[in-house]
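Protein chains: 2
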Amino acid sequence: MIVEAPYLMFLGDVPDQLAAKTAQGIVDWRPEWCVGQHRLPGCKADLKLPDMSIRQAAEAGVRTLIVGVANAGGVLPDHWSATIVEAIEAGMDVASGLHARLASKPAIAEAALRHNRRLTDVRHSNETFATGKGTKRPGLRLLTVGTDCSVGKKYTALALEKEMRSQGFDADFRATGQTGVFISGRGVAIDAVVADFISGAVEWIAPAAAPNHWDLIEGQGSLFHPSFAGVSLGLLHGAQPDCFVVCHEPTRKTMRGVAHPLPSIREVIELNIRCGQLTNPAIQPVGISVNTEHLSEIEARRLVEALEKEHALPATDPIRFGVGSVVRNMLNLYPQSKAA
Amino acid sequence: MIVEAPYLMFLGDVPDQLAAKTAQGIVDWRPEWCVGQHRLPGCKADLKLPDMSIRQAAEAGVRTLIVGVANAGGVLPDHWSATIVEAIEAGMDVASGLHARLASKPAIAEAALRHNRRLTDVRHSNETFATGKGTKRPGLRLLTVGTDCSVGKKYTALALEKEMRSQGFDADFRATGQTGVFISGRGVAIDAVVADFISGAVEWIAPAAAPNHWDLIEGQGSLFHPSFAGVSLGLLHGAQPDCFVVCHEPTRKTMRGVAHPLPSIREVIELNIRCGQLTNPAIQPVGISVNTEHLSEIEARRLVEALEKEHALPATDPIRFGVGSVVRNMLNLYPQSKAA
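Line order of the protein sequences matches chains A and B. The opening position of the first sequence corresponds to residue 2 in the numbering used here, with each subsequent residue numbered one higher. The opening position of the second sequence corresponds to residue 2 in the numbering used here, with each subsequent residue numbered one higher.
Some clues are possibly wrong.
Identical chains share a label here; the pair holds if one copy fits it or two copies do between them.
[Unchecked claim] Here are the simulated DSBU-like pairs of lysine-lysine, each with C-alpha atoms no more than 30 Å apart in a straight line:
| hint | residue 1 | residue 2 |
| --- | --- | --- |
| 1 | Lys134 | Lys310 |
| 2 | Lys137 | Lys254 |
| 3 | Lys310 | Lys163 |
Derived by calculation from the structure, the hints in this document are not laboratory data.
Same shape as in the complex, but just chain A:
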C-alpha cells in the first residue's frame, strides 16, 4: 500500500480526542506531511492543525484525504460520504483506517472510478504478494519484537528512525500496521494479509537496499502470544533482521486479550534468535525498550539499570530516556552503517 503525502486529516464529527488517535499519531511523527484538518459540525477532536475546506486543501497541494479516526464498529457514517466525494472530485486520493471499505459506499466508489483516484483501505489488503523466499537480501534490518502486543514496538522503531536520521544514518521506518502505514506512506497491515503470504509481504515491505541502509521494521504481536504468534513468526522470517530490540511493558500481568502470563525478556531473546536464524544466521539483540509510563521516574531508572545489567544490553524507555544508548550499540556493532 502506498499513501501519497501531503495529507488533509479528516476527522468527521467524532465525539472525543481518543477517536482521533491514529490521526494524532500521524501528526506526531509526520507534522511536515499534515497540511491541515477538516472537521464536520460537532467534531470534538482537534489536531491543532489549520482548519481547511476541501478546496483550500487542494490548492495547498494535498494529495490524500486521510480518514484517521476510529468509530464505533469501524463503520463509515453516511453523512461523511459527501466530504469524501468532494475530496475525490478535487483530485485527492483517499486512505482510511476504518474496518468498512471506502468503496462500500456507491457514491465514493463511483467518484473514484470517474476521477481515477486511489481508495486505500489500510486494514484490508488487496495486493497479492509472492510467498516469502527467505533469500538474504542486501541492506541492514532491525525488527522490534515484543513480550506482548501493544508494548511500544511501533513507537520504538519510529524513535530509532528519528534518532538515527539525526545522527546521519540512512534509516527508514517500515510499517506493518495501519497507523504505521499512514506515518510512512507505505507498508502493509500484516495481520490482514492471507496467512500464506505473511513473510512474502514483509519481504516486499523491506526490500533489498544499499548495504549500509537501515530498515527499522515495526514488529507485531509476540512469538509467545497464543492468538498472534503466527503473524510474529512470519514477520520475523520475512524481515530477516540483523538485529532486534525487545519491547516490554513491565506492569502487565497477562498477555493482551488472553489469560497467559508474559514471557520473560530472556525467553523472547532466545526464541527470536532460535527462529530468526532461519533467514539470518547472524541475528542478535541490540537493546531493550521498556514502556515505563506506569512507573515513577525513580522506579523506571532502577528498572532499566537492572535490565542492562541482567542482559548486558542497553535498556531504555524511548519516551523518558531516548534511544541514544541503543543507537550507540548499533554503531558499535555495525560501524560501517554510519559512514553512509
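Starting from the known structure of chain A, fit chain B onto it as the hints suggest.
Positioned in the frame of chain A, the structure of chain B alone reads:
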C-alpha cells in the same frame, strides 16, 4: 466450511488423471461418500466410479457436486457452468477446489441464490473466526508436523484415523487443507485465512470434545520453512496438541520452493515442543512418519530402524509399514483413550 456427503465427483473434461488428484484422494479415503462421477465428452480422467447423469445422482441422494479437479490457472471453464447449474437446480450444493470462485460465474451465482444452495470455494475462506484464545479445551489432540511441506502430513493423519477407528478409538481426522476438507466434509484451508485468525480458525476446526476423543489434525508447512512457518506456528498454537508425529521425506535436498536445507528431525521435535508448550505444556512426540517412496524396501526398513534407535520413538512409512507402531505408543501413553 462444511461440505455435505454424499458426493458426485465432477471431472469436467480434464486432459489426464493427474488433474483429478484431489478427486482421487477423496475416493481413496471416503469411497462410501462418492456415489458416482460425472464427466464431459473428452474427459481423460477416471475415478472408476459409476458414470451418472445429474438426475441419476440426485435420485441416488447426492447432496454435493464436488469440483475436485485442477485446471491450468485454476480457472473455471465456461463450458462447465451448465453442468454446475443443472446440479444446483437438481438440489445439490457445489464445492470447488479451484482458485476461481464458483460465484464468479453469474449463471452459477444466480442459480444458487434462486435455489438456496450453498457454494463452497475450499481455497477461499469467507468465514470470520474469533482470534485464538489458547485456553486448554477438553479432548485429546495429535498434530502432524513436518520437516518440510508435502511430506505426508495429511496422509499420516488419515492413516492414523483409519487405524485408530479400526481399533475402537474415538478418533476424527481434522482438515486444514483443501483436499482434507473434502475428505472430512468439514475444515478450513488454513493458509487462506487472514493472518490474525490462524490459531482461532484451528480452535474452530478442532473444538472442545469428550475427554478421550482424539482429533488427528492435519499439519501444514514447517516451523522451518521460510515461506510458511507463520502458518505452522499458528496451527500449532491453535491445535494445542497433546502429541505430534514428525513427517519427513528423506531424499529431499532443499525445502520446497526455496534454497534452504531441511532441518533435522531432532530440530523439528525440539522447536515444536518449545513453541507448542505455550498452549499445551504436556506436548510430546509420539512417532516419526517417513515417506520412503524413493527408497528400496531394504533401504526403507534400515532407515526407520535407525530413526527408531536415534529418537527412541516408533518410526514408520504409513504406506509401506502402516501406523500400528505409532498407535501402540499412543495407547501406551494415553491408555484411557482406548476405553472410549
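Do the hints match the structure? See the list:
no. : hint            : verdict
1   : Lys134 / Lys310 : neither (38 Å within a copy, 35 Å between copies)
2   : Lys137 / Lys254 : between (38 Å within a copy, 19 Å between copies)
3   : Lys310 / Lys163 : within (26 Å within a copy, 56 Å between copies)
Going down the numbered hints, you'll see the structure goes against just number 1.
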